[in-house]
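Protein sequence lines, in the order shown, are assigned to chains A and B.
For the first sequence, my numbering assigns the number 1 to the initial residue and increments by one for each residue that follows.
For the second sequence, my numbering assigns the number 1 to the initial residue and increments by one for each residue that follows.
Don't read these hints as lab results, they were simulated from the structure.
Please note that the accuracy of each hint is not assured.
Said to hold, decoys possible - Calculated Cβ distances over 10 Å to all of chain B for the following chain A residues: (1) 131; (2) 146; (3) 184; (4) 186; (5) 272; (6) 348; (7) 422; (8) 428; (9) 436; (10) 447; (11) 469; (12) 477; (13) 548; (14) 581; (15) 592.
What the hints assert, rightly or not - Interface residues of chain A toward chain B, partial, derived using beta-carbon atoms under 8 Å: (16) 264; (17) 281; (18) 399; (19) 418; (20) 421; (21) 441; (22) 443; (23) 463; (24) 519; (25) 522; (26) 564.
Note that the Cβ used here is the ideal one computed from N, Cα and C, for glycine as well.
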Amino acid sequence: MTKDISDEASPSTEGKSVPEAKAPSGPLKDVSLLVGGQGGDGTLTVADLLARYFSSQKMYVYGSRRIMSRIRGGYAAGTTRASVDPVWAQKGTHDVIVAFYQDAITFGQKELSPDGIILVDEKVATAEGSHVYSLPMSLTAASSVGNALYKNTLSFGVLSVMMDMDRDAARAVVQKRFGKMSEERRTKNLTAFDLGVKMAVDHVGEKPLVSVAKGTASGQHLTNGNQAAALGFIVGGARFFSGYPITPATPILETMQEYLPKFGGVVRQVEDELSAINMALGAAYAGVRSLTATSGPGFSLMSEAVGHAGMAEIPVVIVDCQRVGPSTGQPTRHEQSDILSAVFMSHGESPRIVIAPGSAEDAFNMAPIALNLAEKWQMPVIVLMDQALCENTQSSPAFDLNKIHIDRGKLLTEKELQEKEVYKRYEFTEDGISPRVVPGMKGGQYQATGNEHDEWGHVTVNLQNRNQMMAKRMNRTNLAKADLPTPIIWGEKKKGKLGFIGFGSTYGPIREAQTMLRQKGVTSRFYQARTIWPVPVETLKPFLESVETTYVVEHNYQGQLAMLIREYLGDAELKHILKYDGESFRAKEIVKQVEGGQ
Amino acid sequence: MVEYVKPITPSWCPGCGDFSVLAALKKSLLELKIPPEKTALIGGIGCAGGYHNFTDAYGYHSMHGRLLPTAIGVKLANPSLTVIAAGGDGDGYAIGMGHFIHTLKKNVSIVYVVMNNETYGLTTGQASPTSPVGFEGNLEEPFNAVLTALSLPSTSFVARGFSGLAKDLTTLMTEAIQFAQDRKGFAFLEVLSPCVTYNNNFDEWRGKVEDVSKLPDYEPTSRTKAFSLCLDVMERGKIPIGKIFSPSPDKLQPSLDVQVVPNPDEAPAKLDISMEHNLERYQKLLASLG
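Next up, chain A with everything else stripped away, as it sits in the complex:
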């Protein structure tokens, strides 16, 4: 068993052992920038401007952030990676570092590529070497724009020269990024950009230091997983959302607040997660596609309601944006450690479905499926995401509305109800699904309940009824299997030496690790799990037989996904690649683990 990957993925270049600057050999097809500053100083804005710019230049973009759970102070960094080929993970090395804080040098330099350059905010941070450009960005922003914080947009102006950007396109990005702000702030940002351009020309010269290849991607959406999921839920017909702010799930609430009312939906920020889930359940009972989104601590609070929804057979969707746990854990950091919680949470035994998208595009596509599954199978559906997927910006092909269909399952119309002689909400049926009605329909009255109940919804302790009702609820999870998101197998078509199993954001690093291994002559197959529960034994078994050694790659200590798989495929020999330090895997870390384990 291999675990506890150290942070020593690349050779240390700390202190003064900075590599000599070299002239870049040609336009970079895959470029990564790190912008590091202090929390609250707008550093992430620069990363965002860069992402928007490269996206406008038809590059594939992946942006990530490393922040502390505080609003001001502390090291905060954003990275933007742009490539002519699709990318779903951090590059692991940076070609440009922008330092507004000494920590950006201390930590970032370790990941600087040999040809990399460093742009330093003069008198704020220092670095040495011929590849270091120290410019008075904060000072100029303060004296010429009126506030040192305009250093951010100013630095983007500097970079536009250093990196040979299309100047008009870069300026347009600034214009659009601050378009919703006041006229004054927009103007000042444009001024800062222009000052940056001038500063670069004056101090460094017109000649670009880094040039980036042109991309060919078109029709791209640039979103993070949270935004993509929220949009997916809206087009999937969700019209009620109740939530409580919690990192890293809050952007789902905010995206819903921004767009859902335009479609007649109701969004409520409520007093706690208990209220959030129960309000969603009330709305679902009344006939609306409803959901909530949360993270670790809020997810734990919803535990009782997951069982309740299973018992009362109320369709509801819960998004869990996993972060480092337990308890408050590390609110801004990455982990995939709620797997067993999602599968088993709540006392007693109750049905649920757990699915997991691997990218922003997948999150958009899977959201309507989650809503369909909840209504068709009349049980809670948990969409398991993780911090990196939730918050990291990525390019997706244009979201495809043609793929979406709405299936409300056995939801009766008034007319269908009137044609019945008897209506029993919890009627025993062959497929375990009882026809559903909503309040307001005449003759459909019933008692929804979390108590064990008979077919009418009345409380009972009848022994035979208890057995039948348990079977009705619990069997349905298995019956639902044919409807669940299927895995995607990446890499070799039929057989491979190595097998990888992972879900969520590990999708990116695992796919890149596969490419790196292939270059070394090692064939591999990657089972991207998109359904976690019920365990997709039917697809896992043949996959395991198609490879010699299988690694389950996941962000937790116990190897929770491997534990689940072993429960159903006991003879499977699974090796672990685990990481729980709060950061996402880099592809090379996976490769190193594999090589160490052979």
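For this one, chain A is given, so just place chain B on it according to the hints.
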């Protein structure tokens, strides 16, 4: 005519105060001509919370203490429904206290009936948040929900009834339901409803209740007067009942449901969510993202 759920016989002890509350509820709904299919009765956990099983309306037995968020979800999804939440004092003032305060603050047009028996009946008589000092070793001062409700600026309708005064209780219930039915906001009705097995204070309460509407300085549209009148009555060792507070129409804040779902015919539960109906708007939404 489709055959649907029939009321079952209440499981309450003979003589339980909750029978009066159920009777008042049924009478009020009949009087207001609200049909059972347009009524959603949300119940909490405990003896009182099972009341909806004894009706032929739509019912929902919620999680312990969570009946209010549930009821609000139902109302915001479909404001055409008459939504009534009812439960006991343990459910509402102990485990559900956070939601109680926030429901007062939210001001959604639902009715909340708390059957207060000052004990935990179903778990055999422990002290509840409203139990007096000394009851079953209770050391804490009892919680007063009426005074708490009056202290929130968003409060719109506050009343207290007594199971032993069935006719007056029905009048209060009818008024509370009508208030919510008109979408004026949250209607809170606490009912002193004795537990005949563990805390039978029918006789004690009968001697203590004092209908504020019969007092000379009764002015239910004034929050200040309502508050001081309640304190006056309590200082005499009595319990204020009756319609305690209901501001004049010009002082009413708009209810949350009116603000977020102004037209009940366009409520979330009534929207067409088909792709055909929405495709054009979805395309515009995605195009706006860039």
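The hints, checked one at a time:
With a least CB separation of 34 Å from chain B, residue 131 of chain A remains clear of the 10 Å interface cut-off, as annotated. No Cβ of chain B comes within 10 Å of the Cβ of residue 146 of chain A; the nearest lies about 30 Å off, and the non-interface call holds. Consistency note on residue 184 of chain A: stated as away from chain B, and its beta-carbon is indeed over 10 Å from all of that chain's, at 24 Å minimum. Here residue 186 of chain A stays apart from chain B, with its beta-carbon at least about 17 Å from theirs, past the 10 Å limit.
Against the 10 Å criterion, residue 272 of chain A falls within the reach of chain B, whose nearest CB is about 7 Å from its own CB. For residue 348 of chain A, the condition that its CB be more than 10 Å from all CB atoms of chain B holds, with the nearest at approximately 13 Å. A cut-off of 10 Å between C-beta atoms contradicts the statement that residue 422 of chain A is not in contact with chain B; the least separation is 5 Å. With 10 Å as the threshold on Cβ separation, the claim that residue 428 of chain A sits away from chain B holds: the shortest Cβ distance comes to roughly 16 Å.
The beta carbon of residue 436 of chain A sits about 12 Å from the closest Cβ of chain B, which is more than 10 Å, so the claim that it is off the interface holds. Look at residue 447 of chain A: its CB is around 4 Å from the nearest CB on chain B, not clear of 10 Å, so calling it non-interface is violated. Listed as outside the interface, residue 469 of chain A is consistent with that label: its C-beta sits roughly 15 Å from the nearest C-beta of chain B, beyond the 10 Å cut-off. The claim that residue 477 of chain A lies off the interface holds: its Cβ sits roughly 22 Å from the closest Cβ of chain B, which is beyond the 10 Å cut-off.
Every Cβ of chain B is farther than 10 Å from the Cβ of residue 548 of chain A; the closest lies at roughly 43 Å, confirming the non-interface assignment. Its beta-carbon lying about 34 Å from the closest one in chain B, residue 581 of chain A satisfies the requirement of being farther than 10 Å from that chain. Against chain B, the non-interface label of residue 592 of chain A holds: every CB pair exceeds 10 Å, the least being about 38 Å. The restraint placing residue 264 of chain A at the interface with chain B holds, with a minimum CB-CB distance near 5 Å, inside the 8 Å limit.
Using the Cβ-Cβ criterion of 8 Å, the hint placing residue 281 of chain A at the interface with chain B is satisfied: the shortest such distance is roughly 6 Å. With its C-beta approaching chain B no nearer than about 6 Å, residue 399 of chain A sits inside the 8 Å limit, and its interface hint holds. Of the supplied interface hints, the one on residue 418 of chain A holds, with its beta-carbon coming within about 6 Å of a beta-carbon of chain B, less than 8 Å. Of the supplied interface hints, the one on residue 421 of chain A holds, with its beta-carbon coming within about 6 Å of a beta-carbon of chain B, less than 8 Å.
Interface hint status for residue 441 of chain A: upheld, as the beta-carbon distance to the closest one in chain B is roughly 6 Å, under 8 Å. With its C-beta approaching chain B no nearer than about 4 Å, residue 443 of chain A sits inside the 8 Å limit, and its interface hint holds. At about 19 Å, the closest approach between the beta carbon of residue 463 of chain A and any beta carbon in chain B exceeds 8 Å, and the interface hint on this residue is violated. Annotation: interface hint on residue 519 of chain A violated; nearest CB of chain B at approximately 36 Å, more than 8 Å.
Using the Cβ-Cβ criterion of 8 Å, the hint placing residue 522 of chain A at the interface with chain B is not satisfied: the shortest such distance is roughly 39 Å. With a cut of 8 Å, the hint placing residue 564 of chain A at the interface with chain B is violated, because the nearest CB-to-CB distance is about 27 Å.
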